[in-house]
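Visitor: Protein sequence lines, in the order shown, are assigned to chains A and B. Using the working numbering, read the first sequence as starting at 163 and increasing by one per residue. Using the working numbering, read the second sequence as starting at 163 and increasing by one per residue.
Bear in mind the hints are in silico, worked out from the structure with no lab data behind them. Be careful, since some hints might not be right.
[Claimed, not checked] List time: in silico DSS-like cross-link candidates among lysine-lysine, alpha-carbon distance up to 25 Å:
{"no.": "1", "chain 1": "A", "residue 1": "Lys392", "chain 2": "B", "residue 2": "Lys424"}
{"no.": "2", "chain 1": "B", "residue 1": "Lys392", "chain 2": "B", "residue 2": "Lys346"}
{"no.": "3", "chain 1": "A", "residue 1": "Lys187", "chain 2": "A", "residue 2": "Lys169"}
{"no.": "4", "chain 1": "B", "residue 1": "Lys187", "chain 2": "B", "residue 2": "Lys169"}
{"no.": "5", "chain 1": "A", "residue 1": "Lys346", "chain 2": "B", "residue 2": "Lys187"}
{"no.": "6", "chain 1": "A", "residue 1": "Lys346", "chain 2": "A", "residue 2": "Lys234"}
[Stated by the list, open to error] If you anchor each label on the Cβ, the simulated ranges turn out as follows:
{"no.": "7", "chain 1": "A", "residue 1": "Cys190", "chain 2": "B", "residue 2": "Arg275", "range": "28 to 38 Å"}
{"no.": "8", "chain 1": "B", "residue 1": "Arg220", "chain 2": "A", "residue 2": "Leu419", "range": "39 to 49 Å"}
{"no.": "9", "chain 1": "A", "residue 1": "Leu419", "chain 2": "B", "residue 2": "Asn283", "range": "50 to 60 Å"}
{"no.": "10", "chain 1": "A", "residue 1": "Asp428", "chain 2": "B", "residue 2": "Pro447", "range": "41 to 51 Å"}
{"no.": "11", "chain 1": "B", "residue 1": "Arg379", "chain 2": "A", "residue 2": "Arg275", "range": "33 to 43 Å"}
{"no.": "12", "chain 1": "A", "residue 1": "Gln399", "chain 2": "B", "residue 2": "Gly443", "range": "42 to 52 Å"}
[Said to hold, decoys possible] A few chain A residues that don't get close to chain B, going by computed Cβ distances all over 12 Å:
{"no.": "13", "residue": "Leu165"}
{"no.": "14", "residue": "Gly195"}
{"no.": "15", "residue": "Ala223"}
{"no.": "16", "residue": "Arg307"}
{"no.": "17", "residue": "Leu357"}
{"no.": "18", "residue": "Ala400"}
Glycine residues also receive a C-beta, built at the ideal position from the N, C-alpha and C atoms.
Protein chains: 2
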Amino acid sequence: MGLPIAKNLIESGYALRVFNRTAGKSDCLAALGAKLVSSPAEAAQPSGIVLTMLSDDRALAEVSMRGDELVKALGPGGIHVSMGTVSPAASREAAQHHIGFGVSYLAAPVFGRPEAAAVRNLRICLSGAQAAKDRVLPILESLGRGVTYFGPDPGAANVVKLAGNFLLASAVEAMAEMIALVEKNGIGRERVLELLTSSLFSCPVYQIYGKALVAQRYRPAGFRMELGLKDIGLVLQAAAASRTPMPMAGLVCDRLLTGVAKGRGDWDFTAFALAAAEDAGLKIPEQ
Amino acid sequence: MGLPIAKNLIESGYALRVFNRTAGKSDCLAALGAKLVSSPAEAAQPSGIVLTMLSDDRALAEVSMRGDELVKALGPGGIHVSMGTVSPAASREAAQHHIGFGVSYLAAPVFGRPEAAAVRNLRICLSGAQAAKDRVLPILESLGRGVTYFGPDPGAANVVKLAGNFLLASAVEAMAEMIALVEKNGIGRERVLELLTSSLFSCPVYQIYGKALVAQRYRPAGFRMELGLKDIGLVLQAAAASRTPMPMAGLVCDRLLTGVAKGRGDWDFTAFALAAAEDAGLKIPEQ
Numbered sequence: 163m164g165l166p167i168a169k170n171l172i173e174s175g176y177a178l179r180v181f182n183r184t185a186g187k188s189d190c191l192a193a194l195g196a197k198l199v200s201s202p203a204e205a206a207q208p209s210g211i212v213l214t215m216l217s218d219d220r221a222l223a224e225v226s227m228r229g230d231e232l233v234k235a236l237g238p239g240g241i242h243v244s245m246g247t248v249s250p251a252a253s254r255e256a257a258q259h260h261i262g263f264g265v266s267y268l269a270a271p272v273f274g275r276p277e278a279a280a281v282r283n284l285r286i287c288l289s290g291a292q293a294a295k296d297r298v299l300p301i302l303e304s305l306g307r308g309v310t311y312f313g314p315d316p317g318a319a320n321v322v323k324l325a326g327n328f329l330l331a332s333a334v335e336a337m338a339e340m341i342a343l344v345e346k347n348g349i350g351r352e353r354v355l356e357l358l359t360s361s362l363f364s365c366p367v368y369q370i371y372g373k374a375l376v377a378q379r380y381r382p383a384g385f386r387m388e389l390g391l392k393d394i395g396l397v398l399q400a401a402a403a404s405r406t407p408m409p410m411a412g413l414v415c416d417r418l419l420t421g422v423a424k425g426r427g428d429w430d431f432t433a434f435a436l437a438a439a440e441d442a443g444l445k446i447p448e449q
Numbered sequence: 163m164g165l166p167i168a169k170n171l172i173e174s175g176y177a178l179r180v181f182n183r184t185a186g187k188s189d190c191l192a193a194l195g196a197k198l199v200s201s202p203a204e205a206a207q208p209s210g211i212v213l214t215m216l217s218d219d220r221a222l223a224e225v226s227m228r229g230d231e232l233v234k235a236l237g238p239g240g241i242h243v244s245m246g247t248v249s250p251a252a253s254r255e256a257a258q259h260h261i262g263f264g265v266s267y268l269a270a271p272v273f274g275r276p277e278a279a280a281v282r283n284l285r286i287c288l289s290g291a292q293a294a295k296d297r298v299l300p301i302l303e304s305l306g307r308g309v310t311y312f313g314p315d316p317g318a319a320n321v322v323k324l325a326g327n328f329l330l331a332s333a334v335e336a337m338a339e340m341i342a343l344v345e346k347n348g349i350g351r352e353r354v355l356e357l358l359t360s361s362l363f364s365c366p367v368y369q370i371y372g373k374a375l376v377a378q379r380y381r382p383a384g385f386r387m388e389l390g391l392k393d394i395g396l397v398l399q400a401a402a403a404s405r406t407p408m409p410m411a412g413l414v415c416d417r418l419l420t421g422v423a424k425g426r427g428d429w430d431f432t433a434f435a436l437a438a439a440e441d442a443g444l445k446i447p448e449q
């Protein structure tokens, strides 16, 4: 995910210093003019801006707080823009930590897969201190189709991102149950989805994931089920922290647990939809 | 729902004989040229076509089977097009019954509220015998934006209609839980829904029902919660009959039961979304 974003930043004329935790992954960026460095701190410049795309709370804590190297390198006036899908709590903690070094932390999680990032089709949620927000806005706007600012609470944008992922996963489970019902009644899944996704549900989530559920091809993964499980875990964690019962999120989490329990953690996350089919005694195709 | 459909049929040049179980409800159709009659059987003509829009299985059985009056009046070659949201089982039973009188039964449930019917914006699901289907197709096509035929099983179209209603109700519950989560995190529901319904979820269900959930105005009802509960009951009944576990449908049914239990059966069905807010300790506005 970081790769297409970095490419677009270079293309937009920004000078990048790039660090990746997995060596070699960012080599292609060097050819485009980026300077590859060997630690997060080396990517930072005094009062500069660092964007991170980290996969979970632990990675965020490690990269942005361990040894205080990154924040010391950024120093007063520096900004850390955290674009990964992490918990609101992790964002709030990092923001609190960064303040001590004069560094602003912004949460800027994105909606969209790497293919969408490549064509600047991301939707970006943003939250954190207003002044820092104003400074990074042009950069973020260059990466997608719009940035929505949700105020100074650094965790707010993460809540919205998790809310959207929950809505998406719920739609997949609902489609999966619906498909099982029509199939058990001898009706073709394809025609039903065609009808619904050309009328009441004529939007990307139902059209794209509906097609995936019709095709029942879950490998290779566009977005791994293990990551989907991580995300819904974050939803439930944020729900518990804010005292918000979310029974549908609990149901979806159980479905993802079942998928991973059956050894499908590396399949596309939409494969959790197989639970509805299997519970109904339907055969699923070999992957 | 029958009223705007009847108006459109008259406008399209069809000669109508109209019966309504509630006296007076169809008086305005007489002014447009329809002949009002005083029993379902009188609406039928030998080998003719009768459309019914009945609210539940019991009404369908009563109007179409009691005393065999309607089917005797239709006689061999007659067609009964049943447009209400009833169970697949009720359709299959009526079809079986009608065959004995030479009458074809077609299920033709519709997606769309009365306002959509008025502007010929319905989506119609159709199933039942092929020959009868061919004869009524032009009539049904004149009523909406498309008719999708799901084969000879008379219950098939009902399954699809119930499947769509289930998908819709699931989307409402998911939005309700999502809204509760963002509100408990101090984020405005309106901005989040704006973001999601202009991107991943840019389709009528999320846009229209999302607006209703943002406004939290559930009276007067566009579609009564009691009817929503009836529909989800039919979903679970069809699921049980076809051995299809649908945990999300069970969850939505419980939410509707809660809404009706709290005395909101006459509110709009989307008010079942209040359960997520109330369970999260949020105050809901007076209706």
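Visitor: Against the 25 Å threshold, does the CA-CA distance of Lys346 (chain A) and Lys187 (chain B) hold or violate the hint?
Guide: 39 Å, violated
Visitor: With respect to the beta-carbon atoms only, verify the hint that Asp428 (chain A) and Pro447 (chain B) lie 41 to 51 Å apart.
Guide: Because 47 Å falls inside the window, the suggested range holds.
Visitor: Within 50 to 60 Å: is that where the Cβ-Cβ distance between Leu419 (chain A) and Asn283 (chain B) falls?
Guide: 42 Å, violated
Visitor: The hint says 42 to 52 Å between Gln399 (chain A) and Gly443 (chain B); measuring C-beta to C-beta, is that right?
Guide: With a Cβ separation near 18 Å, Gln399 (chain A) and Gly443 (chain B) fall outside 42 to 52 Å, so the hint is violated.
Visitor: Quickly compare the C-alpha distance for Lys187 (chain B) and Lys169 (chain B) to 25 Å and report which way the hint goes.
Guide: 13 Å, holds
Visitor: Does Leu357 (chain A) sit more than 12 Å from chain B, CB to CB?
Guide: 5 Å, violated
Visitor: Below or equal to 25 Å on CA atoms is what counts here, so check Lys392 (chain B) against Lys346 (chain B).
Guide: 32 Å, violated
Visitor: When you check the alpha-carbon spacing of Lys392 (chain A) and Lys424 (chain B), does it fall within 25 Å?
Guide: Distance ~36 Å between Lys392 (chain A) and Lys424 (chain B) Cα, so the pair is violated.
Visitor: Between Cys190 (chain A) and Arg275 (chain B), does the C-beta distance stay in 28 to 38 Å?
Guide: Once the Cβ atoms are compared, 53 Å apart, the range 28 to 38 Å for Arg275 (chain B) and Cys190 (chain A) is violated.
Visitor: At 12 Å, judged by beta carbons, does Ala223 (chain A) keep clear of chain B as stated?
Guide: 21 Å, holds
Visitor: Is the nearest CB of chain B more than 12 Å from the CB of Gly195 (chain A)?
Guide: 32 Å, holds
Visitor: Does the Cβ distance between Arg379 (chain B) and Arg275 (chain A) fall inside 33 to 43 Å?
Guide: Given a distance of about 37 Å, which is inside 33 to 43 Å, the answer is holds.
Violated hints, listed in ascending order, are 1, 2, 5, 6, 7, 9, 12, 16, 17 and 18; each of the other numbered hints is respected by the structure.
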